Amino acid sequence: MWDNIMVLVAAPVFSVQLVLDGLFIGATFALAAYGLALVWGVMNVKNLAQGDFVIAGGYIAWWLGKQGIHPLWGLPAAIIIMFAFGWFIYVTIIRRVIDKDLFTSLLATFGLAIVMAQGLNLMFGPEVQTAESDFAIRSMWDNNLTIAEIKVLAFVLCGILAVMVVLFMKRSRMGQAIRATAQDARAARVMGIDTDKVYAFTYSLNAAICGAAGAMISMIWVIQPFYGISHSIRSFVIVTAAGFGNLPGVIMAGLGLGVVENLGGFVFGAEFQQAIVVGLLLVVLVWRQIQQRKLRQVVS
Amino acid sequence: MNSNFSLKIHLPLLVFGLAAPFVFPGLQYQIATLWVMVLFALTWDVMGGQMGYNSLGNIFFFGVGMYASAVIQIAQFADVGAFTAARGAIVVEYTDAQYYQGLVLGILASGFVAAATAFALGWTVFGLRGPYFAIGTLGMALAAGELMGTWEWVGGGGGIGMPVFPGSAQAKGLTFYFLTFAAAILTFVTLQWVYKTRFGLAINAIRDDEEKAEAMGIHTLRYKSVAWAISAFFLGISGALFGNIVGFVEPLEVAFPTVTFGIFMVAMTLLGGKGTLWGPVLGAILFHVIKEATWTYFLGWQWVALGMLIIINVVFFQQGIMGWLMEKYPEKFGIIVEDKGGSK
Chain B
1 MWDNIMVLVA
11 APVFSVQLVL
21 DGLFIGATFA
31 LAAYGLALVW
41 GVMNVKNLAQ
51 GDFVIAGGYI
61 AWWLGKQGIH
71 PLWGLPAAII
81 IMFAFGWFIY
91 VTIIRRVIDK
101 DLFTSLLATF
111 GLAIVMAQGL
121 NLMFGPEVQT
131 AESDFAIRSM
141 WDNNLTIAEI
151 KVLAFVLCGI
161 LAVMVVLFMK
171 RSRMGQAIRA
181 TAQDARAARV
191 MGIDTDKVYA
201 FTYSLNAAIC
211 GAAGAMISMI
221 WVIQPFYGIS
231 HSIRSFVIVT
241 AAGFGNLPGV
251 IMAGLGLGVV
261 ENLGGFVFGA
271 EFQQAIVVGL
281 LLVVLVWRQI
291 QQRKLRQVVS
Chain Y
1 MNSNFSLKIH
11 LPLLVFGLAA
21 PFVFPGLQYQ
31 IATLWVMVLF
41 ALTWDVMGGQ
51 MGYNSLGNIF
61 FFGVGMYASA
71 VIQIAQFADV
81 GAFTAARGAI
91 VVEYTDAQYY
101 QGLVLGILAS
111 GFVAAATAFA
121 LGWTVFGLRG
131 PYFAIGTLGM
141 ALAAGELMGT
151 WEWVGGGGGI
161 GMPVFPGSAQ
171 AKGLTFYFLT
181 FAAAILTFVT
191 LQWVYKTRFG
201 LAINAIRDDE
211 EKAEAMGIHT
221 LRYKSVAWAI
231 SAFFLGISGA
241 LFGNIVGFVE
251 PLEVAFPTVT
261 FGIFMVAMTL
271 LGGKGTLWGP
281 VLGAILFHVI
291 KEATWTYFLG
301 WQWVALGMLI
311 IINVVFFQQG
321 IMGWLMEKYP
331 EKFGIIVEDK
341 GGSK
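Those protein sequence lines, which keep their order, are chains B and Y. Taking the working numbering, the leading residue of the first sequence gets 1, the next gets one more, and so forth. Taking the working numbering, the leading residue of the second sequence gets 1, the next gets one more, and so forth.
Next up, chain B with everything else stripped away, as it sits in the complex (with noise of 0.2 Å):
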């Protein structure tokens, strides 16, 4: 361990080099957060399942990629694709949960998740896979700092996609209907606004937003079947941390886990990177804790 941060110190570069690697990666955990912040914050579902809706939507590209399109399309296929699915599970399930205790929710969703993860492990089997975008790799002082160009690309297309929603949000007619019922559901449907509608709507924007994310995970990192639960912790630690309304929070806290997640994977080892994925949660959820009872004495 101490031989990695002596690297680190001695070559800089390649400290950066993780940095960066770091931020790409950041970016799509935060995409897959802030949906998840969307489906809390709206409908309160805690979306156990959101991991795999990232991985379902990676398969996608993949699967394109492998079908000689170019695993771009799959980030529109992803979407289309995933928004669909969203709503299919909203119709099926996640309508009669959403109104049960806060554990209904999380346990329908994780059950989703073993179906998904298993569904998709049964499709295209155990294997890691990347899709291939054979787009160039940049190296940079003296090779010292590599940039592949799919991950400024998938980069810049995080941040649109990311933009489009805030504008869907903050304009349409839909956006200000899912506002309102996030701020008072009651009020929402004696306004007029056919709430189920909304949280159909808001479950599946979700779910096209994991696709979209895990469309770019395919092409920038791996897939595998089973790591749709280290992306749903992901999600859960990023949303935890920043709270749901929170837009830049949820950036910052994306981002964030990206970086610490990758130098923690160099300093201690590749092996502990979901261990740190899972530190990191019981770090937040214990500071979250001190802060509340903080609260709590002030109240009292």
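What the hints contain is simulated information worked out from the structure, not anything from laboratory work. Be a bit skeptical, because a hint or two may be false.
[As the list claims (entries may be wrong)] Just some of the chain Y residues that point at chain B, by a computed CB distance under 7 Å:
1. Gly127
2. Thr150
3. Val226
Only a predicted model underlies this, so the values are computations on that prediction, with no experimental measurement involved. Ideal Cβ placement from N, Cα and C applies to all residues, glycine included.
Given the coordinates of chain B, work out where chain Y should sit on it, guided by the hints.
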């Protein structure tokens, strides 16, 4: 419970448990696993059903107990680091007495180590409520498996070979069969007793309204930690037994099987009906029998089926079998409730 009920349910189960390894020698391992499953469901229900804290990572204590017993059984007569580094190349010759001494110590210690871990963790984890608790514990169990895989002293990802049982395979099977059966009975009897005491009332009060319970003067954190420690104690023991049955301790598949056993215990309890004493037992038996009967014919679809079962169970049948029975025949359960004070 009146004596009539006890005769109808307890006695047949006891007779079945005692006679099973002799009547169905081929199914001995499966039935031993069944008792472990019953224990799993019962211990999960302490938290999930009776106290309203739904943990998705209780399997953590199973693994802790398994590793604790493995280390203790080996460390008595060999250096653990050297033993695991040699990957079984060092064969430690135990005498019978040494083996049993190690086994008994290992089983007992695993229970206490797991309980102590739960108690210590409780101080940090119990500030989390609802979904945060579930996800926090899930993360804990996932991380434990990963971290154990990197700890070379206990064998890392390669695992530890447990000391070999002195005697025939048949004797080993019978010994551990009865140990698991005894552990399940011990768990059941202890929980039955616990639920009748003030402690049981207190954790039920926490489930119903934690703030109010605290306002009534119940030291909720202490009760929660103790409840978790009770559940962890038995899970630790089951871990020690299971480790010895399998004969090999490995972090991801055997010791911390979060997505298999860790989820089974939740699914079984929900199936049987959470928050009841018999619900988890019923759910575990039903689930295990169905699983063992159908698992081999599904070929990869079994996990899809499991996930579907959880979804359907949660969405359409949340009260479970016992809860459904209670709704359908309240007078039967109502009579039992009245009898509690009087005839017993």
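Checked hints:
Interface restraint check: Y:Gly127 against chain B, minimum CB-CB distance 4 Å, threshold 7 Å, status holds. The criterion of a C-beta within 7 Å of any C-beta in chain B is met by Y:Thr150, whose closest approach is roughly 5 Å, and the hint holds. Taking 7 Å as the C-beta cut-off, the interface hint given for Y:Val226 is violated, the closest approach to chain B being about 20 Å.
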